[in-house]
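Participant: Line order of the protein sequences matches chains A and B. For the first sequence, numbering that gives the first Met the number 0 gives the first residue as 0, with consecutive numbering after it. For the second sequence, numbering that gives the first Met the number 0 gives the first residue as 0, with consecutive numbering after it.
Misleading hints may appear alongside valid ones.
Cβ-Cβ distance ranges computed for the label pairs, FRET-style [to be verified]:
1) B:GLN202 to A:ARG203: 21 to 31 angstroms
2) A:PRO173 to B:LYS91: 42 to 52 angstroms
3) B:TYR241 to A:ASP52: 43 to 53 angstroms
4) B:PHE172 to A:ARG83: 31 to 41 angstroms
5) A:LEU95 to B:ILE92: 18 to 28 angstroms
6) A:LEU3 to B:ARG249: 25 to 35 angstroms
7) B:ALA70 to A:ARG168: 50 to 60 angstroms
8) A:LEU180 to B:LEU63: 38 to 48 angstroms
9) B:LEU63 to A:LEU70: 51 to 61 angstroms
10) A:PRO214 to B:SER162: 36 to 46 angstroms
11) B:ALA70 to A:ALA16: 51 to 61 angstroms
12) B:LEU66 to A:GLU91: 56 to 66 angstroms
13) B:LEU49 to A:GLU91: 29 to 39 angstroms
14) B:SER51 to A:ARG114: 18 to 28 angstroms
From the structure, some residues in chain B lie toward chain A, with a derived Cβ separation under 10 angstroms [said to hold, decoys possible]:
15) PRO9
16) TRP168
17) VAL170
18) ILE212
19) ASP213
Hints were generated in silico from the structure; no laboratory data involved. Every residue, glycine too, gets a C-beta built ideally from N, C-alpha and C.
One letter stands for each residue in the lines below.
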Amino acid sequence: MTILARILLAILLWPLAMSVWVSFTPSRYLQGPVREWSLQWYREFFSGPVWMDALLNSLGTAALSASLSILIALPAGLLMARSRFRGKAFVEGALLLPLVLPGVALAVGMLAVVRSTPLWGSQFSLAVGHSVLSMPVAFLVLRATIQQVDPALEAVARGLGAGPLQVFRFVTLPLIAPGVLASALFATVMSLNEVTISLFLATRYTETLPRVIWPNLRFAITPLVAAASTVLLAISLPALIGAGWWLRPRRANR
Amino acid sequence: MLWLLGVAVPLAYVLRMSLYSRGNVAGPHRYDTLFFVPGTWSLHSFANVLSSGFYLRLFGFTILLSLVVTALTMVCGYILGYSVYRASPRRKIVLILLIALPKFTNILVFVYGVKMIFGANGFWPVVAGEVLLLVPYAALTIAAALEAVPYHLAEAARGLGASASSAFWRVTFPLSFPGVAAAAVLTVLWSMSAFLGPYLLGQPAQYTVAVEIDRQIHQDLDWTLAAALNVLLMALLATGGYALTAMRRRFA
């Protein structure tokens, strides 16, 4: 069983390792570097205005969509963790619905909506699209974090005369800060890597990095794509590890 | 609010769009009525889809692909999930991180790697790509379900004379079955809406409904037809999800 699991894990991580490895090739073709390693494809990536614009666009969209996600997921998490009301199960289902909807269906609908508003071609519309996908994840993380906060602490603060906003600002928020940070990082990484919605909503001026990689992947494949992919990986990986690290102490004392 | 803007309104639009008549869109006015003629109601697109052998085969292939992918994903997911279950606490975290890693990297990086490994496009690269994309979810869901099964139970069965394999098949596996069923439902739903894998790793023969929707939107510019395909795909998902959940309730 363990040997099988190791083989499977290796297969699972192989494609990632492969594209990182190929990005250091000196060759024009998709072969891994054997004796000679080269940064030539990275030079080309960082000196290409199309790639740099896309990278900046990606980062901007990711920041915007992560903020939107948290802005929605935090009140939703508080509501679902702390209060009981009629139709709660329905609201929860609605919040989690984007997780199981086909990405293409959401993308087509958003395209139609955005096309008939002045939002077409704006970074904001793209960020909204991404946060629809990352909000359920942020919601799940935040609700779990909030549920771990002892309601008695909030009750004590209220008893000492704090208003609801003060309770949130000075008691709840500091206690759930790791969860907020982790879900913000998750949302950022999801937005950086999102493909389907970007394919439908991005225009020439709002192209994200995956969107620029896309036609290259489909038609002319050069190691430049591997380099671009590796840059994305290099941004996402520390964020992922950071998120895991922030969530760790919570998991340990559960 | 965002939910309304980002989920409900787009879905309502898709539904409404699928019911428009496309009108006569040839010639220079092609882009004026970009995706519909306002104020028309018609089931034309649905009739188009349901009466064409091409689209019925497309849905058939999508379902077939999703079943093959789900079967393989469940086997691989269970093996990985079980190894997480049996690992020491410290290695558990590392294993979970490694399994989740591909999900937090760009799907294009991943597909790119798969493409390099297989060289050519075809049915099996698509299956492999989709399985690799879905296996982390399945493995982690199954691992979570297994966590709830105390390992002492299997040890007790061994102590009472059961062989290792019968302790697993008659004790551990049945107890983990609810998690397996949940993972299977999710995998079926996700693989049914497979888009990037078939698009990047397949040839036209391996295209799924989602790929065809993209093609209608970006190349053939028949948004009404794309919307109708979308509605049908979501209906398929909803019935599939409902039927599987009902089955799961009965057996688990």
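Participant: Look at each hint and say if it fits the structure.
Facilitator: Evaluated hints:
1. B:GLN202 to A:ARG203: 21 to 31 angstroms: 29 angstroms, holds
2. A:PRO173 to B:LYS91: 42 to 52 angstroms: With Cβ atoms ~29 angstroms apart, the hint is violated.
3. B:TYR241 to A:ASP52: 43 to 53 angstroms: Because 45 angstroms falls inside the window, the suggested range holds.
4. B:PHE172 to A:ARG83: 31 to 41 angstroms: With Cβ atoms ~37 angstroms apart, the hint holds.
5. A:LEU95 to B:ILE92: 18 to 28 angstroms: 26 angstroms Cβ-Cβ, so the 18 to 28 angstroms window holds.
6. A:LEU3 to B:ARG249: 25 to 35 angstroms: 31 angstroms, holds
7. B:ALA70 to A:ARG168: 50 to 60 angstroms: With Cβ atoms ~51 angstroms apart, the hint holds.
8. A:LEU180 to B:LEU63: 38 to 48 angstroms: Given about 43 angstroms between the Cβ atoms, the range holds.
9. B:LEU63 to A:LEU70: 51 to 61 angstroms: Taking Cβ atoms as reference, B:LEU63 and A:LEU70 lie about 42 angstroms apart, which means the hint is violated.
10. A:PRO214 to B:SER162: 36 to 46 angstroms: Violated - the Cβ-Cβ distance for A:PRO214 and B:SER162, about 56 angstroms, lies outside 36 to 46 angstroms.
11. B:ALA70 to A:ALA16: 51 to 61 angstroms: Given range 51 to 61 angstroms: violated, Cβ gap about 27 angstroms.
12. B:LEU66 to A:GLU91: 56 to 66 angstroms: 29 angstroms, violated
13. B:LEU49 to A:GLU91: 29 to 39 angstroms: Taking Cβ atoms as reference, B:LEU49 and A:GLU91 lie about 34 angstroms apart, which means the hint holds.
14. B:SER51 to A:ARG114: 18 to 28 angstroms: 27 angstroms, holds
15. PRO9: This interface hint holds because 3 angstroms falls under the 10 angstroms limit.
16. TRP168: Violated, because the Cβ-Cβ distance from B:TRP168 to chain A comes to roughly 13 angstroms (cut-off 10 angstroms).
17. VAL170: 15 angstroms, violated
18. ILE212: Given a least distance of 5 angstroms, the restraint on B:ILE212 holds.
19. ASP213: Nearest chain A Cβ about 6 angstroms off; hint holds.
Hint check: violations occur at hints 2, 9, 10, 11, 12, 16, 17; the rest are consistent with the structure.
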